[in-house]
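Student: Going line by line, the protein sequences match chains W and Z. Per my numbering, residue 1231 is the first one in the first sequence, and the count goes up by one each step. Per my numbering, residue 1231 is the first one in the second sequence, and the count goes up by one each step.
Derived from the structure by calculation, the hints contain no laboratory data. Be a bit skeptical, because a hint or two may be false.
What the hints assert, rightly or not - Simulated restraints on C-beta separations:
#: 1; chain 1: W; residue 1: T1361; chain 2: Z; residue 2: T1361; range: 36 to 44 Å
#: 2; chain 1: W; residue 1: A1391; chain 2: Z; residue 2: V1420; range: 28 to 36 Å
#: 3; chain 1: Z; residue 1: S1370; chain 2: W; residue 2: P1393; range: 36 to 44 Å
#: 4; chain 1: W; residue 1: P1324; chain 2: Z; residue 2: P1393; range: 36 to 44 Å
#: 5; chain 1: W; residue 1: P1299; chain 2: Z; residue 2: E1392; range: 45 to 53 Å
#: 6; chain 1: W; residue 1: Q1357; chain 2: Z; residue 2: D1271; range: 48 to 56 Å
#: 7; chain 1: W; residue 1: Q1357; chain 2: Z; residue 2: V1420; range: 38 to 46 Å
#: 8; chain 1: W; residue 1: T1361; chain 2: Z; residue 2: P1321; range: 42 to 50 Å
Said to hold, decoys possible - Listed below are several chain Z residues computed to face chain W (Cβ distance under 7 Å; list not exhaustive):
#: 9; residue: F1269
#: 10; residue: V1304
#: 11; residue: L1310
#: 12; residue: E1314
#: 13; residue: A1330
Small disclaimer: the values here were computed from a predicted structure and weren't measured. We put the CB at the ideal spot given by N, CA and C, even for glycine.
Number of protein chains: 2
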Amino acid sequence: MNRPTDDDRFELYGFWRTSATYRVRVAFHLKGVKPRETFVDMDGGEQNGEAYRRINPLGGLPALVDHGPGQPPVPLTQSLAILEFLDELYPQPPLLPADAHGRARVRSIAQMLAADTHPLITPRVRQYLSTLGGFDADASRAWLVHWLGTGLRAVEQRLAAEPGTGRFCHGDQPTIADICLASLFMVTGVLKIDVGGIPVSTRIVGECERLPAFAAAAPALQVGAPAL
Amino acid sequence: MNRPTDDDRFELYGFWRTSATYRVRVAFHLKGVKPRETFVDMDGGEQNGEAYRRINPLGGLPALVDHGPGQPPVPLTQSLAILEFLDELYPQPPLLPADAHGRARVRSIAQMLAADTHPLITPRVRQYLSTLGGFDADASRAWLVHWLGTGLRAVEQRLAAEPGTGRFCHGDQPTIADICLASLFMVTGVLKIDVGGIPVSTRIVGECERLPAFAAAAPALQVGAPAL
């Protein structure tokens, strides 16, 4: 699946432990394409600095710049949009099922996690709550536990009940739903939050982590991660 | 564009003023397909009742049931997944541009609104903040103003700067980005929040509202809306 000619086509601006960057890394690994990676020090606020704002005026991570010939200089943003883009550009192996209902199911599960759950626990939201919102450490943690639990349990209920579930969230190949599920497990790991009672999700993320593409995207292995 | 044979194929469970239901209604109107609509009284908590839980165990709105022959009984959920599904099933008029970079831009703008912004201001989040979070009326309103403003101003910055912007968010035909933008304007209208300083977005939503498909999806025209 490796396409050496495309290995330097993309520049991925990311941070070692953000779940949205993780999702894009997994997809690149699954497609066998290696982007160049530029580390943006989110802990140090580099995403808001002048240099990065010239790349992405909104300061969000990740951003993906396509250096392919004739491509527009506007960076690609939003992890789910980038996953769809990579899947269109490199159709093998597919990150979405072949049928429209299957694709709708996979996109729905992905959005329950990446859209309905993750935006509630991002650093900017936690920052608001701990300053303007007056949340102390306990209240902040309760917020994280509540929304991560709500989102993951809702997905678990679907995975346990719906016939589409297989070795992975949908059938026996990993899709964008698995990438999003694994990314949320990554977050619960970083935040040391144990959402109990989600055995199907836990089994599926175990399957994901046995795949080299997911293992290679682990935060601890990225540039900028603290030494083990 | 009307396909009378498909007019009764879909059953849309929705509520008159939720922005996610609005998005799906606009898409159906653009495609010229009429779903049957079932009103779920969200103000009365009907989405959590036993009858609706048999349709969608998670209780979320909207849910779309496909009664087409041989289709799985699992309801389609998540508005962006439903928009992509309808665009695959009924390709004309397209809700996404023809090129991969254009699709990535449209999906990214849609997700900045439907994923990064809207989930922060949903009733369940406002409920949490006003009970467990201890937010009084002023703090609740400041939260809404902050996140709606943050999301809409970020999109405005892109629409004003990027060459892809045309009569609509991307070029001269409405896409899922416009549907999401108009849905957020609908929310600011319902909540009576004025996000000033977003002239490009305001112009584009004006263009949308002149289209019959958007006008017909206006909350005040739906079943369950209070009499004018």
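Student: Indicate, hint by hint, whether the structure satisfies it.
Tutor: Hints and how they fare:
1. Between W/T1361 and Z/T1361 the beta carbon distance is about 21 Å. The supplied range of 36 to 44 Å is therefore violated.
2. Between W/A1391 and Z/V1420 the CB atoms are about 33 Å apart, so this pair conforms to the stated range of 28 to 36 Å.
3. At about 41 Å, the beta-carbon gap between Z/S1370 and W/P1393 stays in the expected band of 36 to 44 Å.
4. A hinted range of 36 to 44 Å for the beta carbons of W/P1324 and Z/P1393 is inconsistent with their spacing of about 31 Å.
5. Take W/P1299 and Z/E1392: their Cβ atoms lie about 20 Å apart, and the range 45 to 53 Å is violated.
6. Between W/Q1357 and Z/D1271, the C-beta spacing of about 37 Å breaks the proposed range 48 to 56 Å.
7. For W/Q1357 paired with Z/V1420, a C-beta distance near 27 Å fails the hint of 38 to 46 Å.
8. The hinted window of 42 to 50 Å between W/T1361 and Z/P1321 holds, with their beta carbons roughly 47 Å apart.
9. Interface restraint check: Z/F1269 against chain W, minimum CB-CB distance 22 Å, threshold 7 Å, status violated.
10. The beta carbon of Z/V1304 is positioned within 7 Å of a beta carbon in chain W (closest approach about 5 Å), and the interface hint is therefore held.
11. Among the interface hints, the one on Z/L1310 holds; its C-beta lies about 6 Å from the nearest C-beta in chain W, closer than the 7 Å criterion.
12. Taken as an interface hint, Z/E1314 checks out: its beta carbon lies about 6 Å from the nearest beta carbon of chain W, inside 7 Å.
13. At a threshold of 7 Å, the smallest CB-CB gap from Z/A1330 to chain W is about 5 Å, leaving the interface hint in force.
The structure shown violates the earlier hints numbered 1, 4, 5, 6, 7 and 9.
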